[in-house]
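Asks: Residues per chain, in single letters:
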Amino acid sequence: MAKSASVQLLGSWASPFSNRVQLALKLKSVEYELVEEAFYVSKSDRLVKANPVYQKIPVLIHDEKPVCESLVIVEYIDEAWTGKGPSILPSDPYERAIARFWAGYIDEKLETASGDEEKFAVVGKVLEGFALLEEAFAKCSKGKAFFGGDEVGYLDIALGCFLGWVKVAEIIGGGKLLDESKFPGLAGWAERFLSHDVAKDILPDALKILEFFGKVQAARAAATTAAE
Amino acid sequence: MGSEEVKVIGSCVSPFAARTMIAFNIKCIEYELIEENILNKSDLLLKSNPIYKKIPVLIHGQRPICESLVILQYIDEVWASGPPILPSDPYDRAIARFWAAYIDDKFFAVQVAILKAGGEEGQKAAAVEKATQVLVVLEDAFTKCSKGRKFFGGDRIGYLDIALGSFLLWVRVIHKMCGVSLIYECKTPKLFQWAQHFSADAAVQDVLPETDKLLEFAQVFVAKLRKPSG
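Quick note, the sequences are listed as chains A and B, same order. Residue 15 in the UniProt record's numbering sits at position 15 of the first sequence, and the numbers go up by one each step. Residue 146 in the UniProt record's numbering sits at position 146 of the second sequence, and the numbers go up by one each step.
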């Protein structure tokens, strides 16, 4: 029997968007094959064929049918494997709407922040985001451990995938971003999420990301030199 | 939950608000429309949507829900006994969500770019070209989703029809103001036909306003767009 051939993830351990999908698959105990894409160097034919519109990872291929966009994939996983493992989205429609709203906010904030060249502006946006998410955490968690309540859920996954990268930004920039004194709820959540079974083996730690970052910059520099 | 009061902070000139209104028509749910002047935002809007300060906002039993696509899914889930908005199959749902997000990502921005370009022919042509590319991609998506039937959703309008169809408002405005026909028969024949069916659907008819009323608003909106920011 082919090893988990029916579920493939075109992704990378180094991509937080890919990590979201891995976290969801783990929550549902779905076996899959991770096809590592060197997304920082070039786009493989396989990736372009699976995601012609954006040509980006992650792409989930389930029984040969591709699903693209990390948050769309996470919802798909929740629905395709209903009844297997915990629910990823809340069951109440209002709570689902709130979870989707904040996940959309996170991605939108990231997009605008990554468009900024200026470090000060980026940090400003991140802190603004954390302030709002601190409030969101209080409302969603209702005093429990995670955005999803007692268990890790959609919004935990949507935000939690970036925690390693936040640490990297702190190391490079030399400033505390997820400051416990400013964002106690989020800081506590971050610690719990990172030590949760689901996240431990999937989310890369800051040092591994830094190493990867260096590798990407070197590869890009080499590609530029080669092109000249 | 379904019997609590339902209000929509919206406007007949907003494609995003139109989505909410079409969805309620499909579900035959009555709601109170609180007409918002988006050029002069009300305290109610600022309070209900402090993050984005945008319409539509659905207020259901005093709880606000923001972001038009989030609202569509909420409506589908709360009033589950009415005709469905999203498909039932998980894969079809994923495809619908993907394309709706693509439409919001690409199509809206390019329409704004066309309007902003105004008389700048070069800029306008570039924006129109981009819009055409997007529509050609959506023509292909339509073939796959509709599977030979009238709508993206099949025999009845659904999530993706609403997501794209709500922009037909602006397609008409662009036609009148800029003399550009974005969806035309020889380039995207299936979308052209789909647009006719969509606009004629009972759930849509009273939501998409008369083009003249829209033009009035559009002129003010576009003037603001083109003003260099101070």
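It should be emphasised that the hints constitute simulated quantities derived from the structure, not laboratory data. Don't be surprised by glycine CBs; every beta carbon is placed ideally from N, CA and C. Don't take every hint at face value.
To be verified - Covered stretches of chain A (in silico footprint by chain B; criterion: 3 or more residues with CB under 8 Å from a CB of chain B, positions within the stretch not fixed):
hint	stretch
1	23 to 29
2	85 to 97
3	208 to 220
Stated by the list, open to error - Quick partial rundown of chain B residues pointing at chain A, CB under 7 Å, derived from the structure:
hint	residue
4	C28
5	C66
6	E67
7	P90
8	D92
Unchecked claim - Below 30 Å or equal to it, Euclidean Cα-Cα: the simulated DSS-like pairs (lysine-lysine) are:
hint	chain 1	residue 1	chain 2	residue 2
9	A	K208	A	K119
10	A	K125	A	K84
11	A	K142	B	K54
12	A	K119	B	K53
13	A	K56	B	K130
14	B	K187	B	K53
15	A	K109	B	K187
16	A	K109	B	K213
17	A	K125	A	K144
18	B	K187	A	K142
19	B	K47	B	K224
20	A	K56	B	K47
21	B	K213	B	K227
22	B	K224	A	K139
23	A	K119	B	K106
Asks: Under the criterion that the straight-line Cα-Cα distance not exceed 30 Å, is the pair A:K109, B:K187 satisfied?
Replies: violated, 36 Å
Asks: Is the interface hint for B:D92 satisfied, with its Cβ closer than 7 Å to some Cβ of chain A?
Replies: violated, 10 Å
Asks: Tell me if B:E67 is really an interface residue toward chain A, meaning its C-beta lies closer than 7 Å to one of theirs.
Replies: holds, 6 Å
Asks: So if I understand the rule, the pair passes when the alpha-carbon distance is 30 Å or less; does A:K208 with A:K119 pass?
Replies: This hinted pair holds, its Cα atoms lying about 22 Å apart.
Asks: Is the Cα-Cα distance between A:K142 and B:K54 30 Å or less?
Replies: holds, 27 Å
Asks: Does the closest beta carbon of chain A sit nearer than 7 Å to the beta carbon of B:C66?
Replies: holds, 6 Å
Asks: Between A:K125 and A:K144, is the straight-line Cα distance small enough, at 30 Å or below?
Replies: Answer holds: A:K125 to A:K144 is near 27 Å, not above 30 Å.
Asks: Decide if the proposed pair is consistent with the structure: B:K213 and B:K227, CA atoms, cutoff 30 Å inclusive.
Replies: holds, 22 Å
Asks: Between B:K47 and B:K224, is the straight-line Cα distance small enough, at 30 Å or below?
Replies: Holds. B:K47 to B:K224 sits at ~24 Å (cutoff 30 Å).
Asks: Verify the proposed pairing of A:K56 with B:K130, using a straight-line Cα cut of 30 Å.
Replies: holds, 20 Å
Asks: May I ask you to test the interface hint for B:C28 with respect to chain A, counting a Cβ-Cβ separation under 7 Å as satisfied?
Replies: Violated, because the Cβ-Cβ distance from B:C28 to chain A comes to roughly 18 Å (cut-off 7 Å).
Asks: Taking beta carbons only, do three or more residues of the stretch 85 to 97 of chain A come closer than 8 Å to chain B?
Replies: n = 4 at 8 Å, threshold three: holds.
Hint check: violations occur at hints 1, 3, 4, 8, 10, 14, 15, 16, 18, 20, 22; the rest are consistent with the structure.
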